[in-house]
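K.L.:
Each chain is listed here by its residues.
Number of protein chains: 2
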Amino acid sequence: MTTKTVGGQETNSNILRLRKLRKLIAEKGLDVLLLSQPENLRYLSGFTGSGWLLISGRNALLATDFLYVEQAKGDSPDFEIVQIKQELHDWLPSLLSDLGWHKLGFEANVISYDAYRKLDAAIKAKGIHLELIAVTGVVEQLRSVKELKELEFITGAVELADIAFEQARGIIRPGITEKEIAWEIEKIVRQKSGEGLPFEIIVASGPDSALPHARPGDKRIRSGEPVLIDMGARVNGYCSDLSRTLFPGKAQPPFQTIYDTVLKAQIAAIEGIESGMAASQADQLARTVIEQAGYGNAFGHGLGHGVGLAVHEFPRLGVTSSDSLSDGMVFTIEPGIYLAGRGGVRIEDMAVLEEGKVRVLSRASKDT
Amino acid sequence: MTTKTVGGQETNSNILRLRKLRKLIAEKGLDVLLLSQPENLRYLSGFTGSGWLLISGRNALLATDFLYVEQAKGDSPDFEIVQIKQELHDWLPSLLSDLGWHKLGFEANVISYDAYRKLDAAIKAKGIHLELIAVTGVVEQLRSVKELKELEFITGAVELADIAFEQARGIIRPGITEKEIAWEIEKIVRQKSGEGLPFEIIVASGPDSALPHARPGDKRIRSGEPVLIDMGARVNGYCSDLSRTLFPGKAQPPFQTIYDTVLKAQIAAIEGIESGMAASQADQLARTVIEQAGYGNAFGHGLGHGVGLAVHEFPRLGVTSSDSLSDGMVFTIEPGIYLAGRGGVRIEDMAVLEEGKVRVLSRASKDT
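Chains A and B, in that order, are what the protein sequence lines are.
The opening residue of the first sequence carries number 1 in my numbering; numbering runs sequentially from there.
The opening residue of the second sequence carries number 369 in my numbering; numbering runs sequentially from there.
There's no promise every hint is true.
[Claimed, not checked] Derived coverage of chain A by chain B (criterion: at least 3 residues anywhere in the stretch with Cβ under 8 Å from a Cβ of chain B; other residues may be distant): (1) 67 to 74; (2) 146 to 157; (3) 188 to 201; (4) 206 to 212.
[Claimed, not checked] To be clear about the criterion: a stretch of chain B counts as covered by chain A if any three or more of its residues have a C-beta under 8 Å from a C-beta of chain A, and this derived list gives those stretches: (5) 571 to 584; (6) 686 to 700.
[What the hints assert, rightly or not] When the alpha-carbon atoms are kept at most 27 Å apart in a straight line, the in silico DSS-like pairs for lysine-lysine are as follows: (7) A:Lys187 to B:Lys555; (8) A:Lys219 to B:Lys555; (9) A:Lys149 to B:Lys587; (10) A:Lys118 to A:Lys28; (11) A:Lys192 to A:Lys264.
Please keep in mind that the hints were generated in silico from the structure rather than gathered at the bench.
Please read these numbers as outputs of a predicted model, since none were measured by experiment.
From the three backbone atoms N, C-alpha and C, an ideal C-beta is built for every residue, glycine too.
Just chain A, same shape as in the assembly (with noise of 0.2 Å):
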């Protein structure tokens, strides 16, 4: 299921994704930015060690240590790599000041307030003239909207992630538990992609199933009540994401109905996002089918979230969101119904906006 990447697509994309940068940069009136976000990194250099790009108008360079410098060499050959030593205070204000740059971006809900209070400090120490200018969101601003090559890694995950579920789904019968369940999919899942899981699998059965970040315990499944089973894959670092809930035997009541509501407010969502809609108007579409069946305040998250090279970006679908959405952007729909103490119900499918519509990326059985 791997694909491995050529280094010359690798390359071409990452020289456009600089030029889209670039042009934020400018706008922004900034000399340089500087990124350390992990999924930023890769996105924009390839590379998946720890360390700090600064990319200006004309340069673009990769500063890491000892523990990475021969990795980021390999991973990045756009980059010049620059080999830093102890804290960021320490190696930054001088480098700066070297190269002539003054207005210095920095993302500022990645960087520490430890972090940024000991820079400002060490500028201020040297009396060197920099300008520290916080920003946010801007690289995932750029990760929201997928390139093709991106959509196809995704698609790879996703499709993975339904494979393995439908390949776990005959163990899943009263007795067995959630930590069996769980290990089996994640088994099946590393064995054909080969990386990492995105997240730890959640398997919550029975009244655990309202806890939407359960974890498997050594529970065993009883007959008719929910299973949720929370699952991804990665496929070239790119993500997937889906949930079933499952009721082996038959599902008591009222779960049948709640189940059917979550569809219906599922199906609502599909068919009525469009491009062009406010994120906040997307969840609304869901949560307005949830709330007149008499759930609303059992359906506390939002409806979905971005995937990509991170399992939760941008765009965010949920009431107090303020992104909207548009063409390229890949997001799941995942409704969800939880009755505190008595049991849960969430379907999520992964979806991607295209010629104005959803299409559904998600194959996964529905049958409970």
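Place chain B on chain A using the hints.
P.N.:
Just chain B now, with coordinates in the frame of chain A:
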């Protein structure tokens, strides 16, 4: 291999830990300390989800959202659970104001600059009398000295890694790929522990063994080249960390000499480290051996790091560390020599300081 923590014991530990923390909070003149670092949360409250602790002289609150609120009630019976919505700056200022707290310590190395500035702005906008005081490493300092129960879990995790390494050793021969070895080790660890790995297993062979953080690839092992394995396990959340370097067949020169030097450096540290010593001095014990052998520039990382709920925690054993070592600390001793383009050797044991001296916990064979 997994030991279930008895609820009551956990609760007793929590109370003792809170008592120690409250002493530090009082010493720093804080009314309340805000924490969100995941291992700090688990250490103090048992909670393994995402949320915030607020610890004052009398109160212990756990604030979390819909996704984790039911889990929090189960994980943290000693804490008052507060269900929150939206971001930190939306709910924290009024909560603090209601509780009459004016001096808020926050984890400056955990909270992003963006979260800080939004919180600061919200406090000013509401006209609340609240001082934000940056602190770092308060709970980490407590965590660095292990209780007996913690040492028991760590010992379990060390044993598990040792057993898995010894069991996987049999398959390491020319022709097998790095990924196959890594997956074999992972299966053994996961099936025995039922918990996730503390970090992605490193299996790096030939020139890639010179990359301290290499990822296992499809490369096949060749006779006589170094195969560097870095792996760990978890028991009740506590981690282990183990590195070994093997040479299938007979080590190519100069790697046997390098191996002997690294081992000699490790033994020098094991025999020389004492409680009360500066962590930088501990590092120097091993570094001197490697420098004298002419490989000083090829040992580019620190000698070791604390291990507990996190695989990297206090103390740091390295040239620039300002930590000092004391009884009850658990850390790695892992000198290495890396020759770019040729290969590397690292030998890593876990150790505990007891009655002033090092007791090595790892028992995996060092036969090459």
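K.L.:
Now tell me if each hint is right for this structure.
P.N.:
Okay, the hints, checked on the actual structure:
1. 67 to 74: It holds: at least three residues are needed, and the segment 67 to 74 of chain A offers 4 whose Cβ sits within less than 8 Å of chain B.
2. 146 to 157: Contact hint for the segment 146 to 157 of chain A vs chain B: violated, 0 residues under 8 Å.
3. 188 to 201: holds (count 5)
4. 206 to 212: n = 3 at 8 Å, threshold three: holds.
5. 571 to 584: Satisfied; 6 residues make the cut.
6. 686 to 700: Coverage by chain A is violated for the segment 686 to 700 of chain B (1 residues, Cβ < 8 Å).
7. A:Lys187 to B:Lys555: 8 Å, holds
8. A:Lys219 to B:Lys555: 21 Å, holds
9. A:Lys149 to B:Lys587: Within the cut-off at roughly 25 Å; holds.
10. A:Lys118 to A:Lys28: Answer holds: lysine 118 (chain A) to lysine 28 (chain A) is near 24 Å, not above 27 Å.
11. A:Lys192 to A:Lys264: With Cα atoms ~33 Å apart, lysine 192 (chain A) and lysine 264 (chain A) exceed 27 Å; violated.
Of the numbered hints listed earlier, those contradicted by the structure are 2, 6 and 11.
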